[in-house]
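Generate the whole structure from the sequences, applying the supplied hints.
Chains as they are written, first to last, in the numbering used here: chain A, 3 to 363; chain B, 3 to 363.
Worth double-checking, as some hints may not be accurate.
The list makes no distinction among identical chains, and a pair is therefore deemed to hold if it is satisfied within one copy or across any two copies.
Claimed, not checked - List of simulated lysine-lysine pairs, DSSO-like, C-alpha gap at most 27 Å:
1. K175 <-> K281
2. K213 <-> K123
3. K230 <-> K317
4. K317 <-> K123
5. K300 <-> K317
6. K244 <-> K281
7. K281 <-> K317
8. K175 <-> K213
9. K177 <-> K346
10. K230 <-> K4
11. K175 <-> K300
12. K4 <-> K177
13. K123 <-> K346
14. K177 <-> K281
15. K230 <-> K182
16. K244 <-> K230
Simulated from the structure, these hints should not be mistaken for lab results.
There are 2 protein chains.
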Amino acid sequence: MKNHRYCVIMCGGVGSRFWPFSRNDRPKQFLDFFGTGRSLLQMTVDRILPLIPAENIILVTNSSYAGIIREQLPEIRESNILLEPARRNTAPCICWAAHHILALDPEASIVTLPSDHLILKEEEFRAVLEEGIRFVEGNNSLLTIGLRPLSPHTGYGYIQIGAPVEDFPGICKVKSFTEKPDLELAKVFLESGEFFWNSGMFLWRADNILKAFGRYAPEISGIFDAGKGLYATPDETRFIEKVFSSAPSISIDYAIMEKADNVFVKTADIGWSDLGSWKALYETSPRNQDGNVTQGCKVLAHQCRDTVFAVTGDKIIVAAGLDGYIVAENDNALLIYPIGEEQKIRQVVNDVRERFGEGYV
Amino acid sequence: MKNHRYCVIMCGGVGSRFWPFSRNDRPKQFLDFFGTGRSLLQMTVDRILPLIPAENIILVTNSSYAGIIREQLPEIRESNILLEPARRNTAPCICWAAHHILALDPEASIVTLPSDHLILKEEEFRAVLEEGIRFVEGNNSLLTIGLRPLSPHTGYGYIQIGAPVEDFPGICKVKSFTEKPDLELAKVFLESGEFFWNSGMFLWRADNILKAFGRYAPEISGIFDAGKGLYATPDETRFIEKVFSSAPSISIDYAIMEKADNVFVKTADIGWSDLGSWKALYETSPRNQDGNVTQGCKVLAHQCRDTVFAVTGDKIIVAAGLDGYIVAENDNALLIYPIGEEQKIRQVVNDVRERFGEGYV
Chain A
3 MKNHRYCVIM CGGVGSRFWP FSRNDRPKQF LDFFGTGRSL LQMTVDRILP LIPAENIILV
63 TNSSYAGIIR EQLPEIRESN ILLEPARRNT APCICWAAHH ILALDPEASI VTLPSDHLIL
123 KEEEFRAVLE EGIRFVEGNN SLLTIGLRPL SPHTGYGYIQ IGAPVEDFPG ICKVKSFTEK
183 PDLELAKVFL ESGEFFWNSG MFLWRADNIL KAFGRYAPEI SGIFDAGKGL YATPDETRFI
243 EKVFSSAPSI SIDYAIMEKA DNVFVKTADI GWSDLGSWKA LYETSPRNQD GNVTQGCKVL
303 AHQCRDTVFA VTGDKIIVAA GLDGYIVAEN DNALLIYPIG EEQKIRQVVN DVRERFGEGY
363 V
Chain B
3 MKNHRYCVIM CGGVGSRFWP FSRNDRPKQF LDFFGTGRSL LQMTVDRILP LIPAENIILV
63 TNSSYAGIIR EQLPEIRESN ILLEPARRNT APCICWAAHH ILALDPEASI VTLPSDHLIL
123 KEEEFRAVLE EGIRFVEGNN SLLTIGLRPL SPHTGYGYIQ IGAPVEDFPG ICKVKSFTEK
183 PDLELAKVFL ESGEFFWNSG MFLWRADNIL KAFGRYAPEI SGIFDAGKGL YATPDETRFI
243 EKVFSSAPSI SIDYAIMEKA DNVFVKTADI GWSDLGSWKA LYETSPRNQD GNVTQGCKVL
303 AHQCRDTVFA VTGDKIIVAA GLDGYIVAEN DNALLIYPIG EEQKIRQVVN DVRERFGEGY
363 V
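Dropping the structure here:
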C-alpha cells in the first residue's frame with residue numbers, strides 16, 4: 003500500500019545568532035548542539051522516521067549545503083534533496099516542495115518542519131503529527147502546530163485560537179496570528195490561555211497548499227506553476243535554476259497563513275524550543291550546580307555562574323569570575339559576551355565581516 | 003685577535019605562568035611575545051650580538067628544546083648549544099657552561115643572561131655589560147646586574163649595595179641579597195635608594211666562577227671537575243649525559259652569590275622587566291585607549307578595560323564587558339582569568355594536568 007504521507011524538512015537557514023559556534027559554512031542545524039553525536043538536522047530526521055519513511059522525506063536547502071547534507075544524512079536519497087539556488091525565505095521553498103511531492107503522489111499530505119528546533123517529548127510530538135495528518139487528509143485545511151506557552155516569551159510569534167473542531171481534540175480554528183509581543187502583552191497572552199507559540203511546523207495536503215498559493219500568493223504561484231510536468235523529472239533542476247531566484251523572499255506566514263481563511267491550529271505540549279538564542283539554548287540545556295552549561299568541551303570554571311561554554315574541537319577552557327556569559331569558539335573565531343546582550347551578536351557578526359572579511363563569519 | 007668575551011644564554015625554562023599562551027613544548031622564551039616577529043630568545047641574541055660574536059654565544063637548554071632552538075637560531079652553530087639531560091636550575095647549568103668555555107679559552111670572561119626578559123634600552127644595556135666585562139676581566143670578582151627599582155615590586159629579589167668601587171662608576175660591593183619582600187618592606191627598600199632589583203644577569207671570568215664553585219658549592223664542583231679534559235671535545239656529551247642528573251637542583255643565587263665574599267653589583271637603568279607575569283607583560287606592552295593589550299590576534303572589544311588578549315594563530319576575538327582580564331589561547335587550551343588572580347594560574351595548570359593530562363599543558 004502506498005504511503006501518502008510526506009515530510010518536508012527546511013534546512014537552508016544561515017543563523018548568525020550562534021556565531022561563532024555556528025558558522026557560514028556550518029550553520030546551526032548541522033551542529034551537534036548537545037554533544038549527543040547527532041546534529042539538530044539529524045535529530046529532526048530521527049524524530050520523524052517512525053512516522054514517515056526515509057523515501058518520503060524531502061530536504062529543501064541551499065545548494066551550498068548539499069555536501070554537508072549528504073555527509074550527515076546518507077539515508078536520504080539524492081532525488082529527495084531539493085537544492086535552492088538562492089535564499090528566498092520559506093514560502094518559495096514550500097511551494098516548490100509541494101509541486102515536487104504532488105508530481106510524485108497526487109494524494110500526498112505533507113508535514114513541513116524546521117530542521118533546527120529542539121523537541122524533548124518525541125512520542126507526544128509524533129502523536130500530535132499523527133492526529134494532524136488525519137485531520138488534513140480529509141479536509142481542505144492548513145494546519146499549524148501551536149505550543150502551549152510556558153513563559154511570556156517575547157521572542158516568539160503567537161497564535162490565538164478560535165472555535166474548536168469537532169472530533170479533533172486540540173484542533174481549533176485560528177482566530178489571529180500576532181507578531182512577537184512586548185513583555186506586557188506577552189504576559190496578557192500567557193494568562194488568557196488563548197494564545198500559543200507559533201512553531202513554524204505545518205501540515206496540509208499538497209494540492210490544498212498549492213490552491214492556497216494560487217489564491218493568496220499568485221506572484222509565487224505563477225512562477226512555480228510554469229514548471230508543471232517538469233517536477234520530479236530530470237528537467238526539474240534546470241527549471242528551478244532558471245526561475246527560483248525570481249521569486250520574492252517571503253515567509254509562509256506572511257504569504258499564506260495570515261491571509262487564508264482555512265487555517266487551523268493543533269495545540270501541543272511537546273517540550274519544544276526553537277533554540278533561537280543562546281538564552282534559549284541555556285534554558286534547555288543541562289546545567290551544573292553553578293548554572294553553567296558546557297557544549298562539547300572540557301571546562302574548569304572557578305566562580306563562574308550561568309555561563310554557556312560552547313567550544314568545538316578537543317579543547318580545555320579555564321575560566322574564572324564570569325557571570326552570565328557566552329564563551330563560544332569555532333575555528334578562527336572566539337566570542338566572550340554577556341548573554342544578556344546577545345541581541346547584539348548579529349551586529350557583531352556584521353562588524354566582523356566588514357572589518358576582517360568573510361573568512362571569520 | 004682572539005675575542006675572550008663569551009655569552010651564556012640560559013633558555014631551558016618551562017614557565018607555566020603564561021599558560022596557555024606558553025606551553026610545555028613552547029615555553030615563554032620561544033614565543034613572539036610582542037608580535038614583532040622575533041621570540042624573546044631571538045631578541046636576547048639580537049641584543050647581545052653587537053657586543054659578542056655568534057661564535058662566542060653559548061646556549062644552555064633542556065634537550066627537549068634542541069629542535070626549536072635550531073629553528074629559531076640558525077646562526078648559532080651546533081657545538082655552541084649545550085643540551086641538559088635534566089632540569090637542575092641555574093647553578094649546574096652555569097658550572098657546566100663555565101667548564102665548556104674555559105676549555106675553549108682559558109682567558110674567557112662570561113656574560114650570563116636569561117633568555118626571556120625584556121630590555122627596552124638596548125644601547126644602555128650594552129654599555130652596562132661593556133663596563134661590567136672590563137671590571138671582571140681584571141678582577142677575581144663575581145658581578146651581578148642590579149636594576150634601579152621603579153616601584154615597590156614584591157615579585158623580585160632585591161640586592162642591597164655597599165661601598166662603591168673606585169674607577170668603576172655604578173659598581174658597588176654587595177651588602178646583602180634579599181628574597182621577595184612583602185609590600186611594606188618593598189616600599190622601605192624603594193625609598194632607601196640602597197636596594198636594587200636582582201636581574202639574574204651575571205658577569206665573571208670562567209676561571210673565577212669555577213673557583214667559587216669549588217669553594218661554595220663543592221657538591222656541584224666535584225661532579226663537573228671530573229670531566230676536565232672532556233669539555234669542548236666529542237666526549238663531552240656522553241660525560242654530561244652520565245653525570246648531569248646527579249647534580250643538585252639549585253639556583254646560582256643560593257649556591258654561590260649569597261655565600262661568596264667577592265660579589266659586586268653594577269647598578270643600571272635599562273628598561274628591564276622579567277616578564278614574569280601577565281601583569282608585567284601588561285605593564286610593558288602598548289595599550290589602546292581602553293587600556294587593552296593585544297598580542298598577535300585581531301580583537302573587537304566592547305566595553306572591555308585593562309584586558310590582555312594573547313591568542314596565537316590567525317584568530318578574531320570578540321569580547322564585551324571584561325575588566326582586568328587575561329584572555330589567552332594556544333592550540334587546545336583557552337584561559338579567561340582575572341589578571342588580579344594570576345598567581346593562581348600555576349595551580350590551575352596543575353589542575354588541568356591532573357584532570358585532563360599532559361596534552362593540555
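For K300 vs K317, is the C-alpha pair at or below 27 Å within one copy, between two copies, both, or neither?
-> Cα proximity of K300 and K317: in one copy and across copies (6 Å, 21 Å).
Within a copy, between copies, both or neither: where do K230 and K317 come within 27 Å Cα-Cα?
-> neither (52 Å within a copy, 49 Å between copies)
Indicate which option fits the pair K281, K317 if close means a Cα-Cα distance not exceeding 27 Å: within, between, both or neither.
-> both (23 Å within a copy, 25 Å between copies)
Within, between, both or neither, where K244 and K230 count as close if Cα-Cα is 27 Å or less | within (14 Å within a copy, 87 Å between copies)
Using 27 Å as the alpha-carbon threshold, which applies to K4 and K177: within, between, both, or neither?
-> neither (36 Å within a copy, 100 Å between copies)
Given a CA cutoff of 27 Å, do K175 and K300 count as a within-copy pair, a between-copy pair, both, or neither?
-> Classified as neither: same-chain Cα gap 49 Å, cross-chain 54 Å, threshold 27 Å.
When no copy is specified for K123 and K346, does a C-alpha distance of 27 Å or less occur within a copy, between copies, both, or neither?
-> Classified as neither: same-chain Cα gap 32 Å, cross-chain 44 Å, threshold 27 Å.
With 27 Å as the alpha-carbon cut-off, assign the pair K230 and K182 to within, between, both or neither.
-> neither (37 Å within a copy, 86 Å between copies)
Up to 27 Å CA-CA - K346 versus K177, copy category = Neither. Shortest intra-copy (34 Å) and inter-copy (61 Å) distances fail the 27 Å Cα cut-off.
K177 and K281: within-copy, between-copy, both or neither at 27 Å Cα = neither (30 Å within a copy, 63 Å between copies)
27 Å Cα threshold - placement of K123 relative to K317 | Intra 32 Å, inter 40 Å, cutoff 27 Å: neither.
How would you classify K175 and K281 at a CA-CA limit of 27 Å: within, between, both, or neither?
-> Neither: 32 Å inside a copy, 66 Å across copies.
Figure legend: structure checked against the earlier numbered hints; hints not met, in rising order: 1, 2, 3, 4, 6, 9, 11, 12, 13, 14, 15.
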